[in-house]
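Engineer: So the sequence lines, in the order shown, correspond to chains X and G. Take 1 as the starting number for the first sequence in the numbering used here and just add one per residue. Take 1 as the starting number for the second sequence in the numbering used here and just add one per residue.
In short, the hints are calculated from the structure, not lab data. C-beta: ideal position from N, C-alpha, C; glycine also.
One-sided excerpt, in silico: chain G residues whose CB lies under 8 Å from chain X: (1) 60; (2) 73; (3) 173; (4) 174; (5) 177; (6) 180; (7) 199; (8) 202; (9) 229; (10) 231.
Letter by letter, the chains look like this.
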Amino acid sequence: MDSLSASTAESFRLLFSGDAALWVIIFTSFSVSVRAILIAAPLAFVVAFLMAHLRYRGRRTMIAGFSALQSIPAVVVGLTVYLVFSRSGPLGDLQLLFTHSSMIIGQILLSFPLLVALSHAAFQAADRRVWETSVTLGAKPYHAFMTLLHEIRFGLIAALLAGFGRIIAEVGCSMMVGGNILGYTRNIPTAIALETTKGEFAQAIALGMVLLALALLLNGLLAFFQGRGEMSS
Amino acid sequence: MKSPFANLIVLFLFLVATHSLAGERQVVRMAITTSTENSGLLAVIQPAFEQALDIRVHIIAVGTGKALELGRRGDVDVVLVHARLAEEAFVAAGFGVARHEIMYNDFIIVGPEDDPAGVRGMQDAGKALLQIEAAAAPFVSRGDDSGTHKKEQVIWQQAGIEPQGHWYRQVGQGMGKSLQIAGEMQAYTLVDRGTWLAHRATIPLKLLVFDGADLKNAYGIIAVSPERFPDVHYSEVERLIRWFESDAAHALIAGYRVDGEQLFYPVN
Chain X
1 MDSLSASTAE SFRLLFSGDA ALWVIIFTSF SVSVRAILIA APLAFVVAFL
51 MAHLRYRGRR TMIAGFSALQ SIPAVVVGLT VYLVFSRSGP LGDLQLLFTH
101 SSMIIGQILL SFPLLVALSH AAFQAADRRV WETSVTLGAK PYHAFMTLLH
151 EIRFGLIAAL LAGFGRIIAE VGCSMMVGGN ILGYTRNIPT AIALETTKGE
201 FAQAIALGMV LLALALLLNG LLAFFQGRGE MSS
Chain G
1 MKSPFANLIV LFLFLVATHS LAGERQVVRM AITTSTENSG LLAVIQPAFE
51 QALDIRVHII AVGTGKALEL GRRGDVDVVL VHARLAEEAF VAAGFGVARH
101 EIMYNDFIIV GPEDDPAGVR GMQDAGKALL QIEAAAAPFV SRGDDSGTHK
151 KEQVIWQQAG IEPQGHWYRQ VGQGMGKSLQ IAGEMQAYTL VDRGTWLAHR
201 ATIPLKLLVF DGADLKNAYG IIAVSPERFP DVHYSEVERL IRWFESDAAH
251 ALIAGYRVDG EQLFYPVN
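Extracted from the complex, chain G is given alone in its bound form:
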């Protein structure tokens, strides 16, 4: 009695028996922000640290809020995010070991060429958002609890406004997608400079507001606490963090350019 189904059952048993779970374990899992991935920096530095440290790193690119949540649940070994206050809270609550600031750049506000809210050339992001709100000009918010979204909320808060109305559109998407949506809608949006430089060739928006004191964007790396989650790969993560603080890493980060412009500045 030979039927294809008998073979199928044998194959099934074989798969169940040989499906090894062990081979999938010895890797470091790093949750990073979508802005780091979308800017293209990661594609440059990942091969470098994997080779230098002889480890495999699995990158999970999500918003900062989600990345920290993955850390709080012990689902990743290390997080690379950009929301200083949330990072400090993460460490204070015992989920992370310590925050290492590794690089920074800045946020900017981009918007339509004709600039209906008249914010072109402003530096103070809070005042620019006030004008956008007053003009009820379309504004795209990430709305996904990411680092950029947290930054935007802080700026609104400091300006004393709770944004609401048809003009304020929370899209719940990553940075690149949000920029595209803002481009399609001819809306204003807050974006990190790295993602903007990587995308500006295809996005019909203009850089309008930058260089404000309230627009700094610092990236921190935090090892998930081995005390709380004994099975995280802490020693590998320590080596990874030390790599980020090395001259080799600084040179790579500072050397990463899009259209001749530097996207990230390493912190010494």
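Just chain X, with the same shape it has in the complex:
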């Protein structure tokens, strides 16, 4: 038990003494996952809106498809992105493997189905009259869409948080396509995996606490916004 308490004490020192290496890792995690979610979310919202408002053949299959893809394993996404962007793969010439870009692409693929499924639920729950009234009152489709987004903002924020929670904590995909490069593609989950293999538990615990605090915060916010969403609908 000695090593546990010593490691934990050391981890607090690392966190609060502004240990540069530690904060670079935390920054990398956020930088990659925030960019991934900002790219994925607008596309996902548009797809979800179209699925909720248009009636076309294959719509139900599409909804079921996105719903099923929510549980796609991170390592499978990682393997796919790796094979596609490897220099011997179809998009190898882009030289994206082991960069932030490939990690972002992996995380976009991971979060997209979740974002679509959750925001689709929010669009479905929205009153169709919001859209219809806006259009009747002469709003252009873009403005009507913005009004609708504003109307269901709590549901959408909940979707964003859930998507972010999914990708900030995943290790399989980041490890495979990012390569866990120190000072570059090493993020919180891959660093925890590595530090544990090295027996450096202090840094692993410090990063684990950051991730845990973040997960609790995200879930708290998620519960809050889902509550607000239900009240407003």
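On the provided structure of chain X, position chain G as indicated by the hints.
Structural biologist: What follows is chain G alone, placed relative to chain X:
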């Protein structure tokens, strides 16, 4: 009409437009073995060669098998690994330019204090593994096609045994993690001396078998062939290899110590 979502879309377009891929390219990518990274040597020499050569080197620490595979696919510019036969095959097949042996140390067998297979003090690793198999004492194998795993397989093969059974546990992990698992299970395992020295303070195992002729552990560095992959950074890699062969590098490698013990011996 100002909504946060309009801002979000603007931000999105901005990110897509400005997300520069070019800035990420001019670096050398080196795949190295986990034993080099886990032993702590790399943390000492990386700043030195980055500064001496004025290049950025991205290190991807994986098992030797994976490192060579990254080289075969052209995903890295240079590999630093330890499995002589596999390295020679890699060069012969035209994936690598040439193998430069830069340093060596040795493998050892560690195991539980009470040593149920009675191998303490032996030098011949093959005979020690025979006894471990006969006693069906727990043995942790890397099982990840790493240099250490390849070495272990060669020793089993030369001893004429195909290890199998509940006692033989392939964990599929890096060297440090495998040592920890062996410690938890009180099992024997084959480990490079560097990683052992770096970890022994926290691992409840003892050094039992060492100094055998079949336990040498040589590290080689190989540039990925620019003929096969024209976009590898060959000229930077050449400079990097020359650095590894310089006196400055030899001094750093020979000078790296854990608990006062030298971990790696440079090859002149």
